[in-house]
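Visitor: Following the hints, position chains E and U against chain B.
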Amino acid sequence: MTLPRRAHPRPLDIRHGRVDLSHGGGGRAMAQLVDELFVAAFDNEALNQRNDQAAFDVAGGRMVMTTDGYVIHPLFFPGGDIGSLAVHGTVNDVAMAGAVPLSLSAGFIIEEGFPLADLKRIVDSMAQASKEAGVPVVTGDTKVVERGKGDGVFITTAGIGMVPPGVSISGDRARPGDAILVSGTMGDHGVAVMSRREGLEFETDLLSDSAALHGLVAAMVAVAPGIRVLRDPTRGGLAATLNEIAVQSATGMVIRESAVPVKDAVRGACELLGLDPLYVANEGKLICICAEPDADAVLAAMRAHPLGRDAARIGHCGADDHHFVRMETAMGGMRVVDWLAGEQLPRIC
Amino acid sequence: MCLALPALVTELLPDDMARIELGGVRQQVSLALVSDVVPGDYVIVHVGYALTRLDPDEAAKTLALFEEMGQLA
Amino acid sequence: MKYVDEFRDGGVAKGLARAVAAEADPARAYHLMEFCGGHTHAISRYGLEDLLPANIRMVHGPGCPVCVLPVGRIDAAIWLARRPEVTLCTYGDLMRVPGSKSMSLIKAKAEGCDVRMVHSTLDALKLAQARPDRQVVFFAIGFETTTPPTAVALKQARALGLANFSVFCNHVLTPSAIAHILDSPEVRLLGTVKLDGFIGPAHVSTVIGSAPYEYFAEEYAKPVVIAGFEPLDVMQAILMLVRQVNQGRHQVENEFSRAVTRDGNAKAKALVAEVFELRKAFEWRGLGLVPYSGLRIKQPFAAWDAERRWPVPDDSVADHKACECGAILRGVKKPVDCKLFGTVCTPENPMGSCMVSAEGACAAHWTYGRFRDAGTQSLTLPSPGAGSAPLLPGYPP
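Chains as they are written, first to last, in numbering that gives the first Met the number 0: chain B, 0 to 348; chain E, 0 to 72; chain U, 0 to 396.
Isolated chain B, as found in the complex:
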C-alpha cells in the first residue's frame, strides 16, 4: 500500500534553486528534496514506501551483486549524463555475469551550491534509463558536502540480479581455442566525453554508446548458455579488458586489428588527440568469449539485437604461458597489446 504524498508548504524552486547543507541534514528540507525530486522521478512501490531500505521476495538461486561509483566529468555529455550512465553501468555489471537484473540502489553525494535544475535533469535522466531498462531504483541515500569538497555530484550504486540455471560466466573461464567477439564499435563513449572536456577543443557529432545490455545478454545466453566470459570494456578500453581476462583465465589471445570495428569519427578523433581506440572507454558494448562451436550462433543473436548490429569476431584464445594479448596489425605484422600503466594520456609525438 503506498502512503499519500506529503505536502510541503512551497515546492522546490527547480529553476533557480541550489542544493544547500540543509538538504542533507535529515530534516524537512531533505525530505522535500527526496520527495519532489527522487521519489517523484523513480516512482516505484518500494521507493514510495519511504523506508530507509527496500524489502522484496526473491526466487531461490544464485544472486549477483555489484557496486559502482560515478564521478564522471563533465556531468552532461553527448548521448548521456552521470545519471543514465549510473543506471547503464550498474545494470551491465550485473548482466556480465549472465544475471537478470532485479533492482538498483543509488546514493547521491551533492556539493553545496549545485543547481537544482541540473540535479533534476540528472535524476529524470536516471529515472528514464531505469524505466527503459525495466530495473527500478528501489532505495537511495542523499548527502550534501560543503562547497569545494565535491565535484558537483557523485553517484554510487549497487545492483542485484539472479543468474539463470545452467549459466556460469566468469573471467577465468576462457580456454584456448575459444572465440573472442565484440558487440559493436569501440571507443565511442570516451571520445564523446572528451569532446566536451575542457581543453580538448574538437567538434564531432559522435554520441556516447551508454546503454543497458541485459537484453542483449539474455538473447546471447538463450542461444549459448555455455558462454564463458562476458565483460564490458569500460575504463582502459578493449585492450585493458582483454588483458584482465587473459590473466584471470591464464590464457593468451590473438586478435586481428582489421576485425575490430571502429567508427571513422572515433578514428579521426583518436588520430588528432594521439590516442589509440583500443584503450578508449565504452559504456554500451561487451566482449564475449565462447567456445568456438557456439561463436556463429552467438554472433547471429547479437547482430539480430539493436545493440549488437555491428558485432564482430575479432580473434581467438590460445595457450601462452605469458598470457600476452597479441594483435595481427593491418600490415600483417604482430604486436603485443599491453595494458597501460595508468590512464591513456594524449600525446603530441
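One or more hints might be untrue.
[Unchecked claim] Pairs of lysine-lysine residues, derived as BS3-like cross-links and limited to a Cα-Cα distance of at most 27 Å, are as follows:
| # | chain 1 | residue 1 | chain 2 | residue 2 |
| --- | --- | --- | --- | --- |
| 1 | U | LYS266 | U | LYS100 |
| 2 | U | LYS125 | U | LYS266 |
| 3 | U | LYS268 | U | LYS125 |
| 4 | U | LYS320 | U | LYS333 |
| 5 | U | LYS106 | B | LYS148 |
| 6 | B | LYS130 | B | LYS148 |
| 7 | U | LYS268 | U | LYS154 |
| 8 | U | LYS1 | E | LYS60 |
| 9 | U | LYS193 | U | LYS320 |
| 10 | U | LYS297 | U | LYS154 |
| 11 | B | LYS148 | U | LYS108 |
| 12 | E | LYS60 | U | LYS13 |
Since the hints were made in silico from the structure, they are not lab data.
Only a predicted model underlies this, so the values are computations on that prediction, with no experimental measurement involved.
Guide: Below, chains E and U alone, put in the same frame as chain B:
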C-alpha cells in the same frame, strides 16, 4: 617526428585560424605558419597549427610508386 | 581518412615487403636507423619488422624529445609548478616522465600543484588571458616540428602585452643529434656500430626541408631517405635505402614529397629565427652535453622567458648507474642488453629516457615487441572442431 595528421580545411576563420576536418571530427587550428591556404586544401596539423599544405599530385605519385614497386617484386 | 588510409593499405604493404626482400642482398646485413620517435612508434605499432627480411636491422635513434629531456629539466619544471602563483601547462607526453626521486608532473599535480595538460600553445595563451591572476608557464619541448608553434605563441604574447605568460624552453635540434651519433666513437672510429643509412624525420623535415641532410649524406657518406609516418612510407623508404646501399650511393632522397620540399617552410623558419637562438650546449638525457643542439629565447622576448623570470634551477642530474640508455640511443646496445630492462625499469617505473616515452626504444619494445623475447613459442591452438569457423589465416596450427 611529432604526431601530425593531414586534415581537410573546410572554412577560414578570423585571426588567422581555420576549421579542419579529419574523419568527421572538426577542430580549429592556427594558420600562422602557412600562407595562401584555402578551403579544400589539405594541411598537416600538429599541436593545433597547420605546418604545411599537402601536395595532392605528389601524394598521388607516391601511391602510384608504392603500387608499382609492389608489382615489380 | 584521406591521405592516411591509403598509406596504410595492408595489401600494398605486402607488395613493398616483397620488393624489399627481393632487393636486399642476402650476402650482407643492413643497419638502418630511424632517427625519429614517430617512426619508431610506427614500426612497433604496425609490427613492420615482421615484414622485413632478417638481414635488415632497424636501429632506433634518439629522436624522441620526451626521452632525451634531462632529469634536471623535469626537476626544474616541477620547481616552477610548485610555485603557488604558477599554472604550468604541458603536453600530455610529459606528465609521467620521472625526474629526481621519482617525482613527476602528474605526482606534483596530486600534491596540489596547478599542472594543466594542453594540446596546443593556443590553450595556454587562452588560459593566461582568462586568468590574469595566475602566472601561466608553458613547458615547451620538441624538435623543429614543435618549435614554430612556440615561436608564434611568444610573438602573440608580446603583441598582446600578456604579462602573465611565459615559456620554459627546451626545444632541441635534429641535425645536431644526428651529427652526435655519427661522430660517436663507436660509429666513426671503431665501427662497432654499423649504420648504413638513415630514415629522416617526417614532420621536422616539412619545416627544415631536405637540404640540411645533404651535409650528412656527403660528410659521413650515408644515404638519408626522408619518410612520411605511415607504414607504407616507412616500407618504401627502407626499399630506397637498401637500393642506395646496394648501389654505393649516399644521397638525400625524399619519400615524403607530398609534404616536404628541399627548402621546407620558410615562414615557419623565419618565425623561429626571430624568437630563438642557439644555446652553446644542451644536455640530452643519455647522451650528455651536445653542442649547439638546443634553443633559448632571444633578448627581445626575454620578458616571456620563464628562466629569466624566475631563478629556475639548472642542475645536471645523472641517470641510474646501470642504465644503458646512452648506448641504446646510439644503437650500440639493444633494450634486452640492459640489466634494468623489464626488471626494475618498466613503463610504470621508467628509469631512463628509453622507457620514458611510448616511442623510446625500450618502451616500444616492451609494449609491442617483448613477446619475441619470450622465445620462439608461438601461440598454439587446438585443432578446430567440425563445422567451426576457420582460424585466422596464416595462423600456425
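Visitor: It remains to establish, for every hint, whether it holds in the given structure.
Guide: Outcome of the hint check:
1. The straight-line distance between the Cα atoms of U:LYS266 and U:LYS100 is roughly 42 Å, outside the 27 Å bound, and the hint therefore fails.
2. For the hint pairing U:LYS125 with U:LYS266, the CA-to-CA distance comes to about 24 Å; that is within 27 Å, so the pair holds.
3. Only pairs whose Cα atoms come within 27 Å are accepted, and U:LYS268 paired with U:LYS125 is accepted, the gap being roughly 24 Å.
4. For the given pair, U:LYS320 sits about 17 Å from U:LYS333 by alpha-carbon distance, which is consistent with the 27 Å threshold.
5. Annotation: proposed proximity of U:LYS106 to B:LYS148 holds, straight-line Cα distance about 20 Å (limit 27 Å).
6. Taken as a hint, the B:LYS130 and B:LYS148 pair is broken in the structure, with Cα atoms around 32 Å apart against an allowance of 27 Å.
7. Distance check on the hinted pair: U:LYS268 and U:LYS154 sit about 14 Å apart at the alpha-carbon level, within 27 Å; holds.
8. The suggested pairing of U:LYS1 with E:LYS60 holds, with an alpha-carbon distance near 15 Å, which does not exceed 27 Å.
9. For the proposed pair U:LYS193 and U:LYS320, the alpha carbon gap of about 26 Å is at most 27 Å, so the pair holds.
10. Taken as a hint, the U:LYS297 and U:LYS154 pair is honoured in the structure, with Cα atoms around 12 Å apart against an allowance of 27 Å.
11. Between B:LYS148 and U:LYS108 the alpha-carbon distance is near 17 Å, which keeps this suggested pair within the 27 Å criterion.
12. For the proposed pair E:LYS60 and U:LYS13, the alpha carbon gap of about 19 Å is at most 27 Å, so the pair holds.
In the structure shown, a violation is registered for the earlier hints numbered 1 and 6, in ascending order.
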